[in-house]
Amino acid sequence: MNKLIIIITTVALLSINIFAQSTDVTKEPGYVDFGDFTAFENSTNVTEVILDEDLLSVLATMSDESNPNIMEILNGIKLVKANVYEINDENKDQLKERINEIDSKLSNTKWKRIVKTKGEDEIANVYIKLNNDKKIIGLAVTNFEKGGEAAFVNIVGNIDLSTIGKLGKKFGIPNLEGVNEDNEKKE
Amino acid sequence: MKIKSITPILFVSFLIFFLTGCIGVNRQFGEVKDKIMGELGNDYKTEFQFSVGSSAITISSWFVDLAANEEYIDDMMREISSVQVGVYNKVEGSDAKANFGTLQSIDEEMQNKGWKYIVRSVDNEELTAIYLSDNPGELLNKMYVINLSDDELVIIEVNGDLKKVISYAIEEKKFDLKM
Chain H
348 MNKLIIIITT VALLSINIFA QSTDVTKEPG YVDFGDFTAF ENSTNVTEVI LDEDLLSVLA
408 TMSDESNPNI MEILNGIKLV KANVYEINDE NKDQLKERIN EIDSKLSNTK WKRIVKTKGE
468 DEIANVYIKL NNDKKIIGLA VTNFEKGGEA AFVNIVGNID LSTIGKLGKK FGIPNLEGVN
528 EDNEKKE
Chain Y
459 MKIKSITPIL FVSFLIFFLT GCIGVNRQFG EVKDKIMGEL GNDYKTEFQF SVGSSAITIS
519 SWFVDLAANE EYIDDMMREI SSVQVGVYNK VEGSDAKANF GTLQSIDEEM QNKGWKYIVR
579 SVDNEELTAI YLSDNPGELL NKMYVINLSD DELVIIEVNG DLKKVISYAI EEKKFDLKM
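From first to last, the protein sequence lines stand for chains H and Y.
Note that the first sequence covers residues 348 to 534 in our numbering.
Note that the second sequence covers residues 459 to 637 in our numbering.
Some hints here could point you the wrong way.
Unchecked claim - Each computed SDA-like pair below joins lysine to any residue, with the alpha-carbon atoms no more than 20 Å apart:
no.	chain 1	residue 1	chain 2	residue 2
1	Y	Lys-622	H	Leu-402
2	H	Lys-513	H	Asn-422
3	Y	Lys-600	H	Ser-404
4	H	Lys-493	H	Glu-437
5	H	Lys-428	H	Glu-467
6	H	Lys-428	Y	Tyr-575
7	H	Lys-443	H	Asn-430
8	Y	Lys-600	Y	Asn-617
9	H	Lys-463	H	Asp-480
10	Y	Lys-574	H	Lys-443
11	H	Lys-428	Y	Val-577
12	H	Lys-428	Y	Asn-617
13	Y	Lys-574	H	Lys-463
14	Y	Lys-600	Y	Asn-582
15	H	Lys-439	H	Asp-383
16	Y	Lys-621	H	Ala-471
17	H	Lys-443	H	Glu-467
18	Y	Lys-503	Y	Lys-600
19	H	Lys-428	Y	Lys-503
20	H	Lys-439	Y	Asn-582
21	Y	Lys-574	H	Lys-513
Unchecked claim - Examples of chain H residues lying across from chain Y (beta carbon under 10 Å, computed):
no.	residue
22	Asn-435
23	Asp-436
24	Asn-438
25	Gln-441
26	Ile-446
As the list claims (entries may be wrong) - Residues of chain H placed beyond 12 Å of chain Y at every Cβ, according to the derived structure:
no.	residue
27	Thr-394
28	Asp-399
29	Tyr-432
30	Glu-433
31	Asn-447
32	Lys-457
33	Thr-510
These are computed hints drawn from the structure, not numbers from a lab.
For every residue, glycine included, the Cβ atom is placed at its ideal position computed from N, Cα and C.
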């Protein structure tokens, strides 16, 4: 009897572990690790947003076919993560460097950069990751505006290209409006 | 029974019926408050704290009906079952300062109590964080809003079906990323 309890407990614990692994969004191919932001957390203005799958899926159910709304585009999205830091004299070089590091990292993997703006005072990059069916499963945005803020945004999950603009508009993510048109032109 | 002796009972019954919970905060709120105050070095003293039940919210929504044409506010209020509010003032001479480190300490305490943040921000020494339950079954039934400024700490707990509140925040107000 004791053996049976041990076996059941072990199987149950393993199942929990497997389940936990399968729901770990950091293992998703569309997830981007932007690195440690501790050095930037002393900025005067810092904003962090993290919306996980549990929350997004509940919100997505609020949309109905007769009255489609923004919640509909949240369907299939597993994570919306944004880190925004005010740029000051102390952190501007580090923030620029971090954006360049992320650019090198993503450019060397299966991410595709679809928007690139690079000037002395402004950097903006938008990347997407596609699966084998050419569906977008990840989106990353890095943005630097001198005298303003630096932003790091990652959206993980099934993203419909036609709604990317809406998503950007609704969440206040820059550079996403017009991405659809740009991408279609390229194709 | 004389009418005089019934009057106080009726009055108390009326208050209980219409202002359910409009007296003090519950133990869970008190525990959260104690943890946060502990993180701030107990440098904050209670200004006031109270809770408002569903009946009082319903009455408030009647006035909202009269005062505003915007249906969503009325809709949201109908979904809220109770609200608990605490306002605490910083004691004189305290050198407690609000920074991101403070926010992270509060965050750790909230996480230990089963809450996860969806938004946290520091804006010129003013901290704001919104927490939802970590339990998927209660995810949109309870929400904490914590605001810490230079001179006061405000903790608000909202109970009810919060789908509309959260959805409204995303639909109408966005998450202002200021980019």
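To see whether the hints hold, each was checked on the structure:
1. Lys-622(Y) / Leu-402(H): The hint holds at about 12 Å.
2. Lys-513(H) / Asn-422(H): Holds: Lys-513(H) and Asn-422(H) sit about 13 Å apart, inside 20 Å.
3. Lys-600(Y) / Ser-404(H): Holds. Lys-600(Y) to Ser-404(H) sits at ~17 Å (cutoff 20 Å).
4. Lys-493(H) / Glu-437(H): Satisfied, since the Cα-Cα distance of roughly 12 Å is no more than 20 Å.
5. Lys-428(H) / Glu-467(H): violated (27 Å)
6. Lys-428(H) / Tyr-575(Y): holds (12 Å)
7. Lys-443(H) / Asn-430(H): holds (14 Å)
8. Lys-600(Y) / Asn-617(Y): Distance ~5 Å between Lys-600(Y) and Asn-617(Y) Cα, so the pair holds.
9. Lys-463(H) / Asp-480(H): Violated: Lys-463(H) and Asp-480(H) sit about 25 Å apart, past 20 Å.
10. Lys-574(Y) / Lys-443(H): violated (30 Å)
11. Lys-428(H) / Val-577(Y): With Cα atoms ~10 Å apart, Lys-428(H) and Val-577(Y) stay inside 20 Å; holds.
12. Lys-428(H) / Asn-617(Y): violated (25 Å)
13. Lys-574(Y) / Lys-463(H): violated (34 Å)
14. Lys-600(Y) / Asn-582(Y): violated (28 Å)
15. Lys-439(H) / Asp-383(H): Roughly 16 Å between the alpha carbons, so the hint for Lys-439(H) and Asp-383(H) holds.
16. Lys-621(Y) / Ala-471(H): Roughly 33 Å between the alpha carbons, so the hint for Lys-621(Y) and Ala-471(H) is violated.
17. Lys-443(H) / Glu-467(H): Answer holds: Lys-443(H) to Glu-467(H) is near 10 Å, not above 20 Å.
18. Lys-503(Y) / Lys-600(Y): violated (25 Å)
19. Lys-428(H) / Lys-503(Y): Given that 20 Å is the threshold and the Cα spacing comes to 35 Å, the pair is violated.
20. Lys-439(H) / Asn-582(Y): holds (18 Å)
21. Lys-574(Y) / Lys-513(H): violated (27 Å)
22. Asn-435: With a closest approach of 13 Å, the Asn-435(H) hint is violated.
23. Asp-436: violated (17 Å)
24. Asn-438: violated (13 Å)
25. Gln-441: Status violated, d = 16 Å.
26. Ile-446: violated (13 Å)
27. Thr-394: violated (4 Å)
28. Asp-399: violated (8 Å)
29. Tyr-432: Per Cβ check, Tyr-432(H) is inside 12 Å of chain Y; nearest 10 Å; violated.
30. Glu-433: violated (9 Å)
31. Asn-447: holds (19 Å)
32. Lys-457: holds (26 Å)
33. Thr-510: Given a closest Cβ separation of 14 Å, the condition holds.
Checked against the numbered hints listed earlier, the structure breaks hints 5, 9, 10, 12, 13, 14, 16, 18, 19, 21, 22, 23, 24, 25, 26, 27, 28, 29 and 30; every other hint is satisfied.
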